[in-house]
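**Student:** Letter by letter, the chains look like this.
Number of protein chains: 2
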Amino acid sequence: MPDTGFPPPHGFVEICEAGTRDGLQIEATIIPTAEKIALVDAMLDSGIRHVEVTSFVSPRAVPQMADAEEVLRGIRKRPDTNLMALVPNLRGAERAVTTPVDGGVLLISASETHNRKNLNRSIDESLAAFPAVAARLRDGGKEVLGAVAVAFGCPFEGEVSLDGIIRIGRAYAALGVTQMTLGDTTGMAAPNNVRRTLRGLRAALPGMQFTMHLHNTRGVGLANVLVSLDEGVRRFDAAAGGLGGCPFAAGATGNICTEDLVYLLDESGWTTGVDLDQSIAVAKRMEALLGRTLPGQVMRAGPRLRLHAANAVPTAAG
Amino acid sequence: MPDTGFPPPHGFVEICEAGTRDGLQIEATIIPTAEKIALVDAMLDSGIRHVEVTSFVSPRAVPQMADAEEVLRGIRKRPDTNLMALVPNLRGAERAVTTPVDGGVLLISASETHNRKNLNRSIDESLAAFPAVAARLRDGGKEVLGAVAVAFGCPFEGEVSLDGIIRIGRAYAALGVTQMTLGDTTGMAAPNNVRRTLRGLRAALPGMQFTMHLHNTRGVGLANVLVSLDEGVRRFDAAAGGLGGCPFAAGATGNICTEDLVYLLDESGWTTGVDLDQSIAVAKRMEALLGRTLPGQVMRAGPRLRLHAANAVPTAAG
Numbered sequence: 001m002p003d004t005g006f007p008p009p010h011g012f013v014e015i016c017e018a019g020t021r022d023g024l025q026i027e028a029t030i031i032p033t034a035e036k037i038a039l040v041d042a043m044l045d046s047g048i049r050h051v052e053v054t055s056f057v058s059p060r061a062v063p064q065m066a067d068a069e070e071v072l073r074g075i076r077k078r079p080d081t082n083l084m085a086l087v088p089n090l091r092g093a094e095r096a097v098t099t100p101v102d103g104g105v106l107l108i109s110a111s112e113t114h115n116r117k118n119l120n121r122s123i124d125e126s127l128a129a130f131p132a133v134a135a136r137l138r139d140g141g142k143e144v145l146g147a148v149a150v151a152f153g154c155p156f157e158g159e160v161s162l163d164g165i166i167r168i169g170r171a172y173a174a175l176g177v178t179q180m181t182l183g184d185t186t187g188m189a190a191p192n193n194v195r196r197t198l199r200g201l202r203a204a205l206p207g208m209q210f211t212m213h214l215h216n217t218r219g220v221g222l223a224n225v226l227v228s229l230d231e232g233v234r235r236f237d238a239a240a241g242g243l244g245g246c247p248f249a250a251g252a253t254g255n256i257c258t259e260d261l262v263y264l265l266d267e268s269g270w271t272t273g274v275d276l277d278q279s280i281a282v283a284k285r286m287e288a289l290l291g292r293t294l295p296g297q298v299m300r301a302g303p304r305l306r307l308h309a310a311n312a313v314p315t316a317a318g
Numbered sequence: 001m002p003d004t005g006f007p008p009p010h011g012f013v014e015i016c017e018a019g020t021r022d023g024l025q026i027e028a029t030i031i032p033t034a035e036k037i038a039l040v041d042a043m044l045d046s047g048i049r050h051v052e053v054t055s056f057v058s059p060r061a062v063p064q065m066a067d068a069e070e071v072l073r074g075i076r077k078r079p080d081t082n083l084m085a086l087v088p089n090l091r092g093a094e095r096a097v098t099t100p101v102d103g104g105v106l107l108i109s110a111s112e113t114h115n116r117k118n119l120n121r122s123i124d125e126s127l128a129a130f131p132a133v134a135a136r137l138r139d140g141g142k143e144v145l146g147a148v149a150v151a152f153g154c155p156f157e158g159e160v161s162l163d164g165i166i167r168i169g170r171a172y173a174a175l176g177v178t179q180m181t182l183g184d185t186t187g188m189a190a191p192n193n194v195r196r197t198l199r200g201l202r203a204a205l206p207g208m209q210f211t212m213h214l215h216n217t218r219g220v221g222l223a224n225v226l227v228s229l230d231e232g233v234r235r236f237d238a239a240a241g242g243l244g245g246c247p248f249a250a251g252a253t254g255n256i257c258t259e260d261l262v263y264l265l266d267e268s269g270w271t272t273g274v275d276l277d278q279s280i281a282v283a284k285r286m287e288a289l290l291g292r293t294l295p296g297q298v299m300r301a302g303p304r305l306r307l308h309a310a311n312a313v314p315t316a317a318g
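Chains A and B, in that order, give the protein sequences.
Here the first sequence is numbered in full-length UniProt numbering, starting from 1 and rising by one per residue.
Here the second sequence is numbered in full-length UniProt numbering, starting from 1 and rising by one per residue.
Quick caveat, the hints were computed from the structure, so don't treat them as lab data.
Treat the hints with caution; some may be incorrect.
[What the hints assert, rightly or not] Just a few of them, taken from the derived set where beta-carbon distance is under 8 Å, the chain A residues facing chain B: (1) PRO59; (2) TYR263; (3) LEU264.
Heads up, the beta-carbon is just placed ideally off N, CA and C, and yes, glycines get one too.
Generate the whole structure from the sequences, applying the supplied hints.
**Tutor:** Structure, rendered in structure tokens:
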């Protein structure tokens with residue numbers, strides 16, 4: 001029976017809030033710009049320091065993101081916050097540099113089919129376009145980050161090639177990118193492939209830091225967080241209330257839930273700088289705004305020591 | 001950055017299905033006995049070998065369990081199956097020995113308040129009653145197992161005493177019980193207290209095997225599974241579809257979900273003997289029977305390599 005245990009948790013884990021970007025992008029109802037701004041302000045109030053606020057995609061493709069500039073300009077910035085936005089092409093970079101965004105995230109898919117469906121071009125074409133996009137962002141004083149969608153499996157092609165992700169990672173590294181997000185776009189990450197992917201990438205890409213962007217589509221999102229922590233990852237994307245989801249998997253949940261992640265990390269000995277109660281308040285605000293129940297659990301049950309009166313309804317629980 | 005990793009997963013993990021007991025017990029609608037029998041048969045068909053079928057509680061207290069004898073008599077038994085039932089008192093033992101149940105599970109709570117509310121007696125009174133119940137079960141040829149409710153926190157009292165659980169474990173050991181279930185009755189287990197509790201119990205109770213009965217009330221159920229595996233636990237309760245829940249936490253999910261657990265273990269390198277597709281079929285049957293959506297995720301999204309046609313609705317996912 002193994003009893004070595006995980007390495008003892010210690011130190012800081014960065015939570016990047018992706019709710020207003022990856023969460024809202026598939027919402028059919030357009031959320032008022034002022035509400036988006038208020039949501040990001042509330043996220044920052046909760047202690048979150050990195051927010052992927054919006055996406056500089058074509059407003060025709062994703063109408064929800066048409067107000068990217070306005071949202072970014074409306075947020076109450078603080079010295080220690082880091083506001084990011086997805087910048088899928090040069091047109092996006094041209095828009096980003098006119099805003100107070102701190103960084104632009106380049107995007108590519110690990111599979112050819114997903115890249116074509118999501119970005120309407122081949123992987124080679126995406127890679128070839130990166131230098132100009134990165135240069136435009138940097139000329140505008142913006143940080144450049146990289147993301148890889150469907151990094152743990154593609155809903156069309158199945159398993160993705162680790163060599164393919166390494167190739168993308170080398171292209172990012174060649175551009176001076178040191179922070180790379182591994183997107184579990186449709187929730188195909190699971191302990192074995194999380195370990196295999198992270199070990200392969202760490203060996204091939206020294207100096208690159210990884211952000212895990214996990215979805216809870218198959219219920220194992222927070223389990224994958226523990227595995228990722230065990231593999232040295234210290235930065236995770238999450239969305240308030242577990243907002244998001246995959247248009248190809250009806251009923252499936254979306255991003256791992258920010259406040260559930262905060263709870264897990266708090267109860268594992270990690271420091272996040274995020275206040276759980278305020279994080280729950282953000283999720284409840286998101287839920288009220290969308291008018292439907294979100295998948296978050298801690299927002300319903302409350303933190304574990306939120307006690308009940310002993311004269312409540314009796315149970316017959318085992 | 002730690003890179004020791006978890007110990008490599010290998011070997012067998014036993015999944016005990018608790019859906020018809022801990023799952024159904026709080027359902028207001030009485031499920032027909034034939035349906036319960038068909039559910040357990042389908043669970044056994046999926047490869048599950050241990051089922052906590054029912055509970056020999058007072059039919060007045062829990063009308064859903066009034067058909068305990070009939071359900072147990074109706075199940076198609078196989079030589080390698082292990083059917084268990086909760087036996088909270090001597091009256092329950094008298095009933096259990098008239099059935100084909102293989103084992104009776106004694107029950108006590110880790111907190112005084114929960115024990116009084118759940119079993120209407122003090123912890124001392126429960127402990128004093130155990131020898132007669134165990135003797136009656138053994139006289140009837142039944143195995144005796146032990147369970148501790150609210151082992152990771154009590155919704156009324158908060159943190160529970162590890163010494164108190166050790167005292168209960170010693171009482172079980174004195175009765176010759178070697179399998180003890182640690183009930184996370186209202187989902188208060190989290191990595192730190194799972195580790196602390198398991199380490200404390202293993203040190204104090206050599207020879208005792210532990211079953212983790214985790215709930216997903218706060219979203220961290222499967223993360224707690226990984227922590228428990230890391231602490232040497234090889235047996236978990238779960239419920240088809242994630243059925244169950246706590247009457248004190250409206251909207252909260254219940255037991256960890258059997259098919260999501262099978263998926264997690266499959267994708268981590270463990271062997272369970274359970275067929276994922278058949279396990280999903282059981283969850284869907286449960287859902288159809290109850291007429292409402294259950295919290296299970298894999299039953300909705302499907303296994304990770306269940307691919308989508310590339311001509312499906314386009315995404316804008318990152």
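**Student:** So, for every hint listed, does it hold in this structure?
**Tutor:** Here is how each hint holds up against the structure:
1. PRO59: violated (12 Å)
2. TYR263: Where the cut-off is 8 Å and the nearest Cβ of chain B is about 6 Å from A/TYR263, the hint holds.
3. LEU264: holds (5 Å)
The structure shown violates just one earlier hint, number 1.
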